[in-house]
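Student: Let the hints inform the model, and build the full structure from the sequences given.
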Amino acid sequence: MSDAAGLVQFMTAVGEMARGASVPSTLPVWSRELLNSRDPPRVTCTHHEYDEVPDTKGTIIPLDDMVHKSFFFGPSQVSALRRFIPPHLRKSSTFELLTSVLWRCRTISLKPDPEEEVRVLCLVNARSKFNPPLPNGFYGNAFAFPVAVTTAAKLCKNPLGYALELVKKAKSDVTEEYMKSVADLMVMKGRPHFTVVRTYLVSDVTRAGFGEVDFGWGKAAYGGPAKGGVGAIPGVASFYIPFKNKNGENGIVVPVCLPAFAMEIFVRELNGMLKMRRQKAELIAPAKPTPRESKFLSDIDDQEGLRFQIPVINFYRKDSYSDLDSSMGGNYNEPVKVIKKAIAEALVFYYPFAGRLREGNGRKLMVDCSGEGVMFVEADADVTLEQFGDELKPPFPCLEELLYDVPGSAGVLNCPLLLIQVTRLKCGSFIFAVRLNHTMSDATGLVEFMTAVGEMARGASAPSTLPVWSRELLNARNPPRVTCTHHEYDEVPDTNGTIIPLDDMVHKSFFFGPSEVSALRRFLPPHLRKCSTFELLTSVIWRCRTISLKPDPAEEVRVLCLVNARFKFNPPLPNGFYGNAFAFPVAVATAEKLVKNPLGYALELVKKAKSDVTEEYMKSVADLMVINGRPHFAVVRTFLVSDVTRAGFGEVDFGWGKPVYGGPAKGGVGPFPGMASFYIPFRNKNGENGIVVPMCLPAFAMEIFVKEIERMLKGDVNPLVNTNYAIIKPAL
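Heads up, the sequence shown is in the numbering used here, so the first residue is 7 and it goes up one at a time.
There could be a bad hint or two in this list.
[As the list claims (entries may be wrong)] Here are the simulated BS3-like pairs of lysine-lysine, each with C-alpha atoms no more than 25 Å apart in a straight line:
hint, residue 1, residue 2
1, K514, K175
2, K347, K160
3, K599, K614
4, K536, K602
5, K664, K117
6, K195, K225
7, K175, K97
8, K347, K324
9, K117, K347
10, K160, K691
11, K225, K117
Hints listed in this document are in silico derivations from the structure and should not be mistaken for laboratory results.
Tutor: Written as structure tokens, this is what we have:
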């Protein structure tokens with residue numbers, strides 16, 4: 007007869023009559039013919055919610071030992087769960103978030119076979135989907151059961167964002183045509199039951215109004231469904247009900263009905279997602295007294311564009327150190343103790359990291375080697391490594407929790423130069439995350455320090471490579487003189503904004519293995535096909551990114567290629583040098599030329615930019631810093647790429663083996679989000695070695711970027727997007 011909205015309408019009418027009204031304020035409307043099938047009926051949409059699913063393993067739910075339990079989700083709980091989803095999905099509705107979480111936890115608890123399909127039906131009120139909407143007062147059933155479907159393995163092994171995307175897609179399917187198609191299906195298929203095998207059904211009644219019904223004695227202390235798991239098949243359904251807890255917090259209560267064995271697992275999984283136990287941040291000082299002195303940074307370190315913090319994260323799997331763990335009596339707490347001690351010992355050699363940056367004349371940066379120490383956070387998370395997905399790559403869920411921004415610690419001046427967090431996971435694995443003040447070191451220098459910590463943790467008395475300061479080698483000459491062209495520091499007029507709107511950024515990683523790289527090389531003429539993978543990927547990504555952002559054709563676009571200059575000097579910089587020793591050579595073209603020309607055009611520009619870096623070039627950069635007041639590199643319509651495939655993050659061993667992932671924690675870092683990407687060594691789930699590239703773009707641009715990359719990998723020479731440029735097909 008009615009759905010929740012219709013029932014509340016009747017209850018409200020009773021309440022109004024009880025309080026003396028002669029007629030309801032909203033008059034009932036029958037009009038059920040509006041939701042009848044068409045003549046002739048025709049199913050025009052896909053309706054997997056009515057699939058006949060083979061019940062090969064039973065309905066999964068044994069009905070002889072059912073447990074009912076309710077779960078409250080207030081602001082803090084919802085906020086905790088949002089940490090598990092990537093930034094571009096964090097504006098998802100609470101319904102979408104909770105549905106994704108509960109579906110995933112419920113599936114884990116019921117232990118279906120990995121390859122079996124599992125489903126969630128999301129009740130969607132369709133009253134406003136019609137044009138015009140259904141009449142005010144309509145009290146029939148006016149909802150759909152759109153369904154999200156995947157295998158149990160994919161749902162449980164992928165990050166939470168995977169489930170969320172499926173739920174969002176299912177909800178978006180409901181339109182007026184969809185509702186008409188459902189009505190037609192009912193007539194054509196004999197009014198089938200929705201699928202119940204391995205299915206979860208959720209209904210949001212937070213706006214239905216049960217709690218507003220007043221019979222003359224005020225509103226209800228509780229109003230809503232009497233229990234979860236209702237319906238022909240117990241345990242399938244849950245409701246989202248508005249609720250105020252005993253602390254006065256408004257939120258949502260969700261009744262869940264599961265077999266006893268499953269409820270125990272469900273509670274544990276859900277609690278694990280809501281908990282992160284973090285100890286109070288502390289400072290780790292060098293293990294022995296160190297020199298108290300001031301050390302100037304070089305003029306390459308001391309650039310405006312390096313005055314920010316950069317995050318790095320390494321994941322260590324318990325399996326990779328099971329023998330060692332056994333020898334320690336199975337005490338997986340040991341990594342925190344061992345690493346803390348090793349940091350203190352390594353800081354004896356790398357004592358400038360224990361100091362604080364100060365500013366001198368002309369904003370010149372120096373390290374006050376005060377020995378105060380680096381910031382350290384110890385944490386425990388009730389999650390397993392597997393919950394981060396079967397492929398560990400950026401963006402990582404809960405990054406803000408795995409590398410906690412200790413209040414007051416993130417400044418460039420007068421703050422700790424390193425923040426390190428070690429988080430134990432409930433499976434015995436652990437995560438080492440570090441945030442570096444970039445003016446102190448580049449990737450090579452940071453890895454050198456991390457390697458030293460690893461060596462001390464494994465029992466060494468000194469690092470195998472002793473640190474070398476020698477920042478004076480990269481200082482400006484006297485007198486300074488700019489002898490090279492440095493378009494990377496041009497003051498670019500921002501005529502149309504920086505192109506990138508920062509309010510809807512999407513993070514996504516792209517894998518390039520041997521087959522992908524081979525496919526992209528086919529876009530190059532024969533004489534360029536022996537270029538480096540860095541040059542090829544940079545050319546491809548720069549071009550696809552430009553297409554996706556749609557700049558004006560005549561505007562200049564740029565790519566900055568970070569080039570390690572350690573071996574550009576004669577003699578090379580000393581082994582152990584851990585300062586910044588790279589340049590930002592730039593390739594520049596108009597958007598039209600970049601997109602209009604074959605890929606070889608971009609590649610030639612990238613190769614030329616890289617070749618510009620020499621010893622003289624580095625000296626010229628240092629001189630320019632002094633002469634021009636340490637300018638920031640150009641950011642307008644600019645893409646920046648840094649290749650860390652040889653930096654060695656994945657080789658750092660604290661005594662528990664090499665990490666399953668080691669490298670930058672996300673793309674788009676720096677003062678201007680979305681500008682930078684990294685090339686990170688990576689092995690995919692198929693065992694292929696390659697490079698993963700985290701990208702950060704506005705949502706509209708990411709959609710185009712993905713299509714452009716896929717097009718090129720398929721060998722299609724024609725851009726999918728109308729760029730307003732005349733495309734010249736390369737002769738391949």
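Student: Where does the structure disagree with the numbered hints, that is, which hint numbers, in rising order?
Tutor: 2, 5, 6, 9, 11
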